[in-house]
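**Q** Heads up: the sequence lines are chains B and S, in that order. Last residue of the first sequence? That's 358 in numbering that gives the first Met the number 0, and every number before it is there in order. Last residue of the second sequence? That's 399 in numbering that gives the first Met the number 0, and every number before it is there in order.
In case anyone wonders, no lab produced these hints; they're calculated from the structure. Be aware that one or more of the hints could be misleading.
Within a straight-line C-alpha distance of at most 30 Å, the following computed DSS-like cross-link-like pairs (lysine-lysine) qualify [claimed, not checked]:
id, chain 1, residue 1, chain 2, residue 2
1, B, K353, S, K111
2, S, K187, S, K201
3, S, K352, B, K329
4, B, K329, S, K111
5, S, K296, B, K354
6, S, K112, B, K329
7, S, K187, B, K334
8, B, K349, S, K319
9, B, K176, B, K210
10, B, K226, S, K319
11, S, K190, S, K112
12, S, K352, B, K353
13, S, K352, B, K349
14, B, K234, S, K319
15, B, K354, S, K190
16, B, K294, S, K112
17, B, K269, B, K294
18, B, K349, S, K111
19, S, K319, B, K294
20, S, K379, B, K354
21, B, K336, S, K319
22, B, K334, S, K190
23, S, K112, B, K349
24, B, K161, B, K249
25, S, K352, B, K336
26, S, K111, B, K294
27, S, K201, B, K334
28, S, K296, B, K349
29, S, K280, B, K294
30, S, K296, B, K353
31, S, K352, S, K112
32, S, K296, B, K329
33, B, K353, S, K112
34, B, K126, B, K154
Calculated Cβ distances over 12 Å to all of chain S for the following chain B residues [to be verified]:
id, residue
35, Y104
36, K126
37, L148
38, K161
39, A170
40, V185
Even for Gly, the Cβ is constructed at its ideal location relative to N, Cα and C.
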Amino acid sequence: MIWRSVDLRRTALRTLLQLQLNMAASTFCPVLLPLSRINCKLNGIYTLISLNKTAAYSTGLSVKKTGAKTGLPQRGGKELRRQIKQVLQPRTERMAVDQDWTAVYPTAASFKADAVPLPVRMGYPVKKGVPPSKKGNLELLKIPNFLHLTPNAIKKQCEALKPFCTEWPAALDSDEKCEKHFPIQVQKKDYVFAGPSLRHPDARIVTLTVKLSSLNLDDHARKKMIKLSGERYNKDTDTLTITADSCPLKQQNHDYAMYMLTVLYHESWKIEAWEKEKTRADMEEYVWEDSPSQKNILETLLRIRPLSEQQEEGEVREELLGREEVQEYKDSVTKLKNEGETEGNMQQYKEAVKKLLSI
Amino acid sequence: MNLPRLYHRLRLTVVQVRSLHGSSNVQQVETAAVAAESDPVSSQFSVFRTSENDPACHTDLHAGQYYTLPTAQLRTLFPHGLPYRFQMQIKTFNEACVMVRQPALELISYLKKADYSRPALRYILYGETGCGKTMSLCHALHFCATQGWMVLHIPDAHLWVKNCRELLPSSSRPGRLDQPLQASLWLKNFKTTNDRFLSKIKTTQRYVWTKRETTEEGRPLGELVDQGVARVKSSSDVVGALLRELRLQAGGAAEGAFRLAVAVDGVNALWGRTTLKKEDKSEVLPEELTLVHNLRKMLRNDWSGGAILTTLSHTGSLYKPRSAYLPMELLGEEGFDTMDPFVPVPVSSYTEKEFESCYLYYMDRHWLQHPHSQTEEGKKELIFLSNRNPSILERLCATL
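Required output: the full structure, derived from the provided sequences and hints.
**A** Next comes the structure, spelled out in structure tokens:
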């Protein structure tokens, strides 16, 4: 809607004349609530164009009201010219620094270059140029903007919602207490939707999060639960997240998620017959007993000091494994394998090997 | 720092024309310069050089200083062991100067203190690319050679798992693959290094190569090696037999006893992947290669009377990320479990003292021709650009 300045001028002139005629009716503004005079001013022109034919109401460039002049509108070129000039200027030039921004953008609206006082540039620059400015910039119009969601706007919305909320229970004043009394957290989303139907399809999704430390699991059950949950378990935060979205209703999905949790819990406590076939490759962490490392070190130590005839192999093995250097070596290898390799771990391993092989 | 400068100016005044090839000239001029300077200065003027050329006598006092490898023995000591760029440097400077560094000193001290009646100890040199692992290994091998050990040096195990033109199915074992060219080349170089041992050691078993060729029991090992060099087809099996013989006879109590140093550069190749393909386009596993199989047997510590010195190498490694340099990353699960227990020896970039030493050496050799590189500012720039990494520094200085 780009109006040529001439048109604007003409319409501005017409407006002012009508204002003079319909001064009395200017208080009648069915279309516009005078939220702010500035608002009226800008919108006034456009509204007036559409109501041109039936100019019963002059929605009032309440220019008259802003100024000190409350009496009869003055004719005369200078005043008129000033008023037209004010109308033709973009609104940004009349904005105060401490204005109420929620009034400028109360709802989601497209980007209006004349209402946003920021020197934004957007777009691909031509050669040896800069990105185009905001005036008439289609790129800025195309993208979604969040000018209606400033912190102030959100605060106002929260204040408006507060009468509908209940009090937070005073006993739950820390995160640990919340975690202790309510370990299972269920997240559901509600949407305000306008389309062929009022229902939003994503409103049925239910997410259930629970920390495994708050469940009663022993070592085997915990490992089995983690293996069963697969991708849904987060090792860093120890949380299991179950997302249910297969049923059409939220209530159904909620029930399904709770059912899933129950099933996982009970299944992980069961021990199946085939579980004793678990191999070293299936183990979650490195265990030094019966590892190649243990075999190697025993062989090496036996080669250093071969068995004499009286000693039995089992006894010697036990005695060797009980030695302090071997324990240190075992700790360093387990640390290397479980925690990953770092310079520190390597140093520890080196010291342990040197001590063991008495270098 | 001013002392080397002073030394420089003095030398320039003494001799007008400097030639890169006049190493003996340099020595004479050095001695002349020494006489010209005062006593407290003369002991410090060659901060980067030491006259102690025997690795057995190197101590922490010599750390950071360059010692010279005797050029006459270079051919027999390292026919294939030195890094390529170092070989080019030897040709350019007409001398082989190696810096005495802490990892090599540590390794040599372990070798000196070890008990050789116990199973062989394994040492792994690891560190980032270009930090000097191969050079430290060569330093340690020079020590072994001066002590009269037999040196079994595989210069780069990665060469055996990639780019092999001829892969023959093994004649002795089904399912294995031979690499005749690599094996015969290695045997030739092995012979150059260890000629004097080969006549003394005798085989303990009869080996049958083909219907008409056998090696009887009690023949000198030299014959075995000649067999492998001459008959390229059975060279891989010869290598296997040789390794077995050496394993059995190293460190014996007999009068012909010798100590064996097994040195493998790039040992992570033995447990990695190969880029070789069989005829049906399936990938060859390392254990299917005869050479790799026999070398793996050598690296186990079931023999005594020697030491196993190895290096991990990322350059030349296959299918490994560029940032990998720690032992477990490069060796993998299998490799680590096989080499365990080993002594890891970390090799890092130059310290400040070592960098100084290297810089002075290049200045001494007139390698840095660019006028800015001879200033303090230029030196700081070199430190910044190379981050004191030896190989990067060498490449930078080569362009200056």
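**Q** For the pair we were handed, B:K349 and S:K319, check the Cα-Cα distance against 30 Å.
**A** 24 Å, holds
**Q** With the threshold set at 30 Å, check whether the alpha-carbon distance from S:K296 to B:K353 stays at or below it.
**A** Within the cut-off at roughly 23 Å; holds.
**Q** Please work out if B:K349 and S:K111 have their alpha carbons no farther apart than 30 Å.
**A** 18 Å, holds
**Q** For B:K161, is the shortest CB-to-CB distance to chain S above 12 Å, so the non-interface label stands?
**A** 54 Å, holds
**Q** For the pair we were handed, B:K354 and S:K190, check the Cα-Cα distance against 30 Å.
**A** 38 Å, violated
**Q** Does the structure keep S:K352 and B:K349 at a Cα separation of 30 Å or less?
**A** Cα-Cα ~26 Å, so holds.
**Q** With the threshold set at 30 Å, check whether the alpha-carbon distance from S:K319 to B:K294 stays at or below it.
**A** Distance ~28 Å between S:K319 and B:K294 Cα, so the pair holds.
**Q** Decide if the proposed pair is consistent with the structure: B:K176 and B:K210, CA atoms, cutoff 30 Å inclusive.
**A** Holds, at about 14 Å.
**Q** Under the criterion that the straight-line Cα-Cα distance not exceed 30 Å, is the pair S:K296, B:K354 satisfied?
**A** 26 Å, holds
**Q** Would the hint linking S:K352 and B:K329 be met if the CA-CA limit is 30 Å?
**A** It is violated: about 38 Å lies between the C-alpha atoms, which goes past 30 Å.
**Q** Assess, step by step, whether the Cα of B:K161 is no farther than 30 Å from the Cα of B:K249, and give holds or violated.
**A** The given pair, whose Cα atoms are some 25 Å apart, holds under the 30 Å limit.
**Q** Test the statement that B:K126 is away from the interface with chain S: the closest C-beta pair must be farther apart than 12 Å.
**A** Holds, because the least Cβ-Cβ distance between B:K126 and chain S comes to about 35 Å, which exceeds 12 Å.
In this structure, the hints that do not hold are numbers 3, 7, 15, 17, 20, 22, 25, 27, 29 and 34, in rising order.
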